[in-house]
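Protein chains in written order, with our numbering: chain U, 1 to 113; chain Z, 1001 to 1115.
Be aware that one or more of the hints could be misleading.
Incomplete in silico selection of chain U near chain Z, CB under 8 Å [unchecked claim]:
#, residue
1, Ile13
2, Glu17
3, Pro39
4, Gly42
5, Lys100
6, Gln105
Think of the hints as simulated: they come from the structure by calculation, not from any bench. Beta carbons: idealized from backbone N, C-alpha and C, even for Gly.
Here's the letter readout for the chains.
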Amino acid sequence: GQQLNQSPQSMFIQEGEDVSMNCTSSSIFNTWLWYKQDPGEGPVLLIALYKAGELTSNGRLTAQFGITRKDSFLNISASIPSDVGIYFCAGPPLIQGAQKLVFGQGTRLTINP
Amino acid sequence: DAGVIQSPRHEVTEMGQEVTLRCKPISGHDYLFWYRQTMMRGLELLIYFNNNVPIDDSGMPEDRFSAKMPNASFSTLKIQPSEPRDSAVYFCASSSGQPLGNTIYFGEGSWLTVV
């Protein structure tokens, strides 16, 4: 089945630094989603991308849908302590009628104050 | 509006016991999903329902797992008998369908430990 590969698996940064993570697939996705999971909580949607090449921002977060439709990246500018958590990319597989999401393995972000 | 509600939040049980996890989706949502999260395998879709009907259960690990959705406001995931390798966080999510990405909401999860 279609799988999403995220990198890096974990990041340790200083508060105030910018963060960049990406997600790749061997096959095409028509939608790319980025979620964040806080400790002890379920994933929450951050940004949704629906068109190849689309660049979308949500506050300090920026995400892009790759032109090839096989990748996406998420950037966080000027990180703050509440950015700590696990970031997942996700997308619906290209199966007719499928209404489900597959998730990447996640990027765990740790911030040193 | 209340979000997706799961119970129990935490459960510790002995190997061989039956475990039942419960989920109340967001009112009006037609889709309900059960995911399992582990360190090794990440977030895996177990099964999803549309209008209370199971659509895709290809992610259900084995016969020990079963899921039901008797009505639009309630679903259960049952493990019988439970094994230590079933220890994980089980998430329920619901969606109004279109576009899927913008409308799927997760519950806070049920943290299961099988000893």
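Q.
To test your reading of the hints: which numbers does this structure violate?
A. Numbers 1, 2 and 3 - these are the hints that the structure violates, sorted from lowest upward.
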